Amino acid sequence: MGVTCVCQVPVAEGKSVQQTVEQLHKKLEQLGAMKQGSFFVDCETYHATSNASGQPSKLLYVMHNSETPLSCLALFEGGPFLTADANFDVLMVKLKSHFQNAKGHKVESRGARYRYCDFLVKVGTVTMSSSARGISVEVEYCACVVPGDCWNLMKEFMQSFLGSSVPELPAVFSSKPEGLFVPTDCMDTMSQYLELFSKVRKQQVLPGSSVR
Amino acid sequence: MADVMNVGVNLEAFSQAINAIQALRSSVTRVFDSLKDGMKNKETLEGREKAFITDFQDNLQSVNRDLNELERLSTLVGRPSESHPLHNSGLLSLDPVQDKTPLYSQLLQAYKWSNKLQYHAGLASSLLNQQSLKRSANQIGASAKRRPKVQPSTLVLPIQYVDDVISRIGRMFPDLSIELFRPNGTSAVLLVTLGKVLKAIVVMRSLFIDRTIVRGYHENVHSEDGKLDIWSKSNYQVFQKVTDHATTALLHYQLPQMPDVVVRSFMTWLRSYIKLFQTPCQRCGRFLQDGLPPTWRDFRTLEAFHDTCRQ
Amino acid sequence: MEAPPVTVMPVTGGTINMMEYLLQGSVLDQSLDSLLHRLRGLCDNMEPESFADHELVYLLKGQQGNPFILRARRSLAHPTAPWHLRYLGQPEVGDKSRHALVRNCVDVAASHSLPDFLNEMGFRMDHEFVAKGHIFRKGALKVVVSKLSRVLVPGNTDNTEPLSLSYLVELSVLAPAGQDTVSEDMRSFAEQLKPLVHLEKIDPKRLM
Numbered sequence: 014m015g016v017t018c019v020c021q022v023p024v025a026e027g028k029s030v031q032q033t034v035e036q037l038h039k040k041l042e043q044l045g046a047m048k049q050g051s052f053f054v055d056c057e058t059y060h061a062t063s064n065a066s067g068q069p070s071k072l073l074y075v076m077h078n079s080e081t082p083l084s085c086l087a088l089f090e091g092g093p094f095l096t097a098d099a100n101f102d103v104l105m106v107k108l109k110s111h112f113q114n115a116k117g118h119k120v121e122s123r124g125a126r127y128r129y130c131d132f133l134v135k136v137g138t139v140t141m142s143s144s145a146r147g148i149s150v151e152v153e154y155c156a157c158v159v160p161g162d163c164w165n166l167m168k169e170f171m172q173s174f175l176g177s178s179v180p181e182l183p184a185v186f187s188s189k190p191e192g193l194f195v196p197t198d199c200m201d202t203m204s205q206y207l208e209l210f211s212k213v214r215k216q217q218v219l220p221g222s223s224v225r
Numbered sequence: 085m086a087d088v089m090n091v092g093v094n095l096e097a098f099s100q101a102i103n104a105i106q107a108l109r110s111s112v113t114r115v116f117d118s119l120k121d122g123m124k125n126k127e128t129l130e131g132r133e134k135a136f137i138t139d140f141q142d143n144l145q146s147v148n149r150d151l152n153e154l155e156r157l158s159t160l161v162g163r164p165s166e167s168h169p170l171h172n173s174g175l176l177s178l179d180p181v182q183d184k185t186p187l188y189s190q191l192l193q194a195y196k197w198s199n200k201l202q203y204h205a206g207l208a209s210s211l212l213n214q215q216s217l218k219r220s221a222n223q224i225g226a227s228a229k230r231r232p233k234v235q236p237s238t239l240v241l242p243i244q245y246v247d248d249v250i251s252r253i254g255r256m257f258p259d260l261s262i263e264l265f266r267p268n269g270t271s272a273v274l275l276v277t278l279g280k281v282l283k284a285i286v287v288m289r290s291l292f293i294d295r296t297i298v299r300g301y302h303e304n305v306h307s308e309d310g311k312l313d314i315w316s317k318s319n320y321q322v323f324q325k326v327t328d329h330a331t332t333a334l335l336h337y338q339l340p341q342m343p344d345v346v347v348r349s350f351m352t353w354l355r356s357y358i359k360l361f362q363t364p365c366q367r368c369g370r371f372l373q374d375g376l377p378p379t380w381r382d383f384r385t386l387e388a389f390h391d392t393c394r395q
Numbered sequence: 003m004e005a006p007p008v009t010v011m012p013v014t015g016g017t018i019n020m021m022e023y024l025l026q027g028s029v030l031d032q033s034l035d036s037l038l039h040r041l042r043g044l045c046d047n048m049e050p051e052s053f054a055d056h057e058l059v060y061l062l063k064g065q066q067g068n069p070f071i072l073r074a075r076r077s078l079a080h081p082t083a084p085w086h087l088r089y090l091g092q093p094e095v096g097d098k099s100r101h102a103l104v105r106n107c108v109d110v111a112a113s114h115s116l117p118d119f120l121n122e123m124g125f126r127m128d129h130e131f132v133a134k135g136h137i138f139r140k141g142a143l144k145v146v147v148s149k150l151s152r153v154l155v156p157g158n159t160d161n162t163e164p165l166s167l168s169y170l171v172e173l174s175v176l177a178p179a180g181q182d183t184v185s186e187d188m189r190s191f192a193e194q195l196k197p198l199v200h201l202e203k204i205d206p207k208r209l210m
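Chains as they are written, first to last, in the numbering used here: chain B, 14 to 225; chain Y, 85 to 395; chain G, 3 to 210.
Okay, chain B solo, but in the shape it has when bound:
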């Protein structure tokens, strides 16, 4: 598990989501990246049907990542996180009288997985209720585990195919109490996806942002 950065890439003007994704694929292939299968990340949203304390209930997210196919990640926004095996999904079914699955809120990102040297690039189409809503790009530098060490290097790499839409350092790293210099784990990646997904969800509300 290296250092990852997940970002949303704006759809190119006058292009569809699909066309923009293909453009990114072409750029990566020109760079020399090799296509290595596909990937998916999905996220279910649950909310508590009742809570004794009367406080507004927090949303519970359950996520899956094809990189860790036997695991299931459950998280509340802002923590805590839980890594569990796939039976956690079954447990959530048992818990349905207390936690309801907001089916319409299921978001997922699917797409191709590219390898370039020690980099892993995943270009995904973010879909919600079976309509494409945006593009996610995940870049992982597998050889390094400390975000503060390799951020500039990753930025240079992302510039080479994303151009100007290179993101800033993901907030998950800088918000850690230990700073940038502790090894990352898969939770860092998933919370970045979660952040991206909630952005996409809110986008839906905006009237002018309809995407094909």
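Incorrect hints may have been included.
With a straight-line Cα cutoff of 27 Å, these simulated BS3-like cross-link-like pairs (lysine-lysine) come out [stated by the list, open to error]:
#1 K144/G with K107/B
#2 K189/B with K71/B
#3 K283/Y with K189/B
#4 K98/G with K107/B
#5 K71/B with K63/G
#6 K134/Y with K168/B
#7 K168/B with K40/B
#8 K189/B with K359/Y
#9 K144/G with K98/G
#10 K196/G with K107/B
#11 K283/Y with K317/Y
#12 K168/B with K311/Y
#13 K325/Y with K280/Y
#14 K116/B with K63/G
Source of the hints: derived by calculation from the structure; they are not laboratory data.
Given the structure is predicted, the values throughout are model-derived calculations rather than measurements.
Using the hints, position chains Y and G against chain B.
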């Protein structure tokens, strides 16, 4: 010119002396001839004996006379000169037909060359004895009997000494953590962890570094049975490249008389990878080239370069 | 508030609808050794495995109905091992012909953040205990012989007191729903442990 005069006088004496030797030889021959012939036929026995004895006496006297003459002449001849550096071969310089057979000058040249050769060979042999290039005892081959004596002692250092040197180096560099293992007998294997960047496995033979392999900080250094895995290479291209460069560094840092200095220099060099992902190339100023960060570190200045930027 | 539609199967992985078949009994401390020898003889040839677990029982109280119970277990002997989270359903009613108690069961391996996470979900710890004992296997059958101790100071597993002078003996099988033949196997296995221990179908509800 005095020499020439001297030689002339001596030559005179030589020829006289040679004549004297010839005279001595013939008189000695006469003594033995008369002894061989025995007594001559005379009327009386006394007559025969008397004539034989006087004859013999005469002959001996002439031998004596010739011998004296030779001794006298030999003092005149004197000893042959020994002052010449090339001893008797120096006499070749006296050869009057030097132009046709330049033996002497050729001899001098050859002598000079052989002198130089011997001198240089001496220097080289003493240097080679100090700096044994042999890294394993089995390569010597031929002189099997002498082998144990010839081996320099730096290949067999006490374990305690090796431990001391390694732990001293460990204390010198706080960002290097060195663990020492001895999985097979006395040879040490070091597991060097550099910050949160990389792990290097260094296989030692006494204090000589035999092999090194570099892997990522989060990669396994142990194989499944829990032993140190000193063979399989890193999964990441950047560390495969660093492994190659580290092997080059092993060959670069060689000072057989002071193996501890070599280990220290190697570790100093390895430590410069602490900023492997943070330093741009000193030549092209970029972080990446073909997807790799600057993996080369200059042996002297420790500056970072891409492999292709270092020339 | 209108409830959003609940998916029938949001499951991407995992094994659904596993049932636990269970028989329980107990043995006095004095007879423990004979039982262990008997079990070693009967069960698969393996080194006897001992364990020491700390179990925390969590309740989630809803507005109506019974509270939702989850059991979180961690190994005291292997502190780095994952936590084990277990859901046990209500015993299936009726069906007197079955020889074992049958209930729904979900086992989840989870990371060490489990207690915090359960708290965040609204679960509250109800009680905790320490179980130490031995585990045996025979095919799919699992036999657990354990001593239960109560935790005197909450959270401190070093300070415990045995609950009784006997060991709990549980014979269980995990199988997909409907495979009732396993209860036959269990009954015949339990027969072989008599008279050392009598394993019975015990309905926990009756004891409450």
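Evaluation of the provided hints:
1. For the hint linking K144/G to K107/B, the alpha-carbon distance of about 25 Å falls within 27 Å, and the restraint holds.
2. The hinted pair formed by K189/B and K71/B meets the criterion: a straight-line CA distance of about 21 Å does not exceed 27 Å.
3. A hinted pair counts as satisfied when its Cα atoms are at most 27 Å apart, and K283/Y with K189/B qualifies at roughly 25 Å.
4. About 26 Å separates the Cα atoms of K98/G and K107/B, which keeps this hinted pair within 27 Å; it holds.
5. For the proposed pair K71/B and K63/G, the alpha carbon gap of about 17 Å is at most 27 Å, so the pair holds.
6. Of the supplied pair hints, the one linking K134/Y and K168/B is violated, its CA atoms being roughly 136 Å apart against a limit of 27 Å.
7. The straight-line distance between the Cα atoms of K168/B and K40/B is roughly 16 Å, inside the 27 Å bound, and the hint therefore holds.
8. At most 27 Å may separate the alpha-carbon atoms for a hinted pair to count; K189/B and K359/Y meet this at roughly 22 Å.
9. Using a Cα cut-off of 27 Å, the hinted pair K144/G and K98/G holds, with the two alpha carbons roughly 23 Å apart.
10. In summary, the hint linking K196/G to K107/B is not supported, as the alpha carbons are separated by about 37 Å, beyond the 27 Å threshold.
11. For the hint linking K283/Y to K317/Y, the alpha-carbon distance of about 12 Å falls within 27 Å, and the restraint holds.
12. Only pairs whose Cα atoms come within 27 Å are accepted, and K168/B paired with K311/Y is rejected, the gap being roughly 38 Å.
13. Only pairs whose Cα atoms come within 27 Å are accepted, and K325/Y paired with K280/Y is accepted, the gap being roughly 18 Å.
14. A hinted pair counts as satisfied when its Cα atoms are at most 27 Å apart, and K116/B with K63/G qualifies at roughly 24 Å.
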